[in-house]
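Undergrad: Build the full structure now, drawing on both the sequences and the hints.
Protein chains in written order, with our numbering: chain Z, 1 to 111; chain C, 1001 to 1117.
I should point out that these hints are in silico values taken from the structure, not numbers from a laboratory. Even glycine gets a Cβ: it sits at the ideal position worked out from N, Cα and C. Incorrect hints may appear among the rest.
Only part of the chain C face toward chain Z is listed, based on derived beta-carbon distances under 10 Å [stated by the list, open to error]: (1) Y1033; (2) S1058; (3) P1061; (4) Q1083; (5) S1095; (6) T1104.
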Amino acid sequence: GDSVTQMEGPVTLSEEAFLTINCTYTATGYPSLFWYVQYPGEGLQLLLKATKADDKGSNKGFEATYRKETTSFHLEKGSVQVSDSAVYFCAPRAAGNKLTFGGGTRVLVKP
Amino acid sequence: GAGVSQSPSNKVTEKGKDVELRCDPISGHTALYWYRQRLGQGLEFLIYFQGNSAPDKSGLPSDRFSAERTGESVSTLTIQRTQQEDSAVYLCASSPTGQGTLNTEAFFGQGTRLTVV
Chain Z
1 GDSVTQMEGP
11 VTLSEEAFLT
21 INCTYTATGY
31 PSLFWYVQYP
41 GEGLQLLLKA
51 TKADDKGSNK
61 GFEATYRKET
71 TSFHLEKGSV
81 QVSDSAVYFC
91 APRAAGNKLT
101 FGGGTRVLVK
111 P
Chain C
1001 GAGVSQSPSN
1011 KVTEKGKDVE
1021 LRCDPISGHT
1031 ALYWYRQRLG
1041 QGLEFLIYFQ
1051 GNSAPDKSGL
1061 PSDRFSAERT
1071 GESVSTLTIQ
1081 RTQQEDSAVY
1091 LCASSPTGQG
1101 TLNTEAFFGQ
1111 GTRLTVV
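TA: Set out below in structure tokens:
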């Protein structure tokens, strides 16, 4: 079945630091790729997505590029803020349309 | 409604009791998911409904867990003889399916926080 491997957290950073969260996946067919975010006390919401190879999804200063050759979808942000403190989930969606989530990476940004 | 609605938002139950959790998906969404999230943990897949196809029940942790969905509407997740390890937030999500919708996100409800005492 499909699976996702995310780097384990927590990741603790200072404000304005560079953030990378690694995500690799295995999936049948040609999946779409998603990053979801869960802010403290809130539900999950979509952060960004990419639907084909070499596509770059971006939102709120975050970016991730669909790398088919390495089956990866690493999340990056050049300068994090305290408000970026959250749990981030990588999720491929392959044929059959079932969403598979990684274990989540908790990010804590300190002022 | 505009989003995925789950009820109740909080539920405290005694060990051994049965509980029923409800999810109202976004109208027209044929796919519906249930996930479990224990405190500080990731999302654990429970069950997936896609239209009239047989549901994917591969994530249900035991036969105490069951879920139903009538057509493309409301779904209920039932936990029988609850145990303390069932304490978690139960999340429901819905999304469109079908050709052209592979890149469409799933929309999540706010979850039901279940506490078994």
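Undergrad: Evaluate each hint against the coordinates.
TA: Here is what the structure says about each hint:
1. Y1033: 6 Å, holds
2. S1058: 8 Å, holds
3. P1061: Violated: closest Cβ of chain Z sits about 16 Å from C/P1061, beyond 10 Å.
4. Q1083: 23 Å, violated
5. S1095: 7 Å, holds
6. T1104: Interface hint status for C/T1104: holds (8 Å vs cutoff 10 Å).
Of the numbered hints given earlier, the model fails hints 3 and 4; all others are met.
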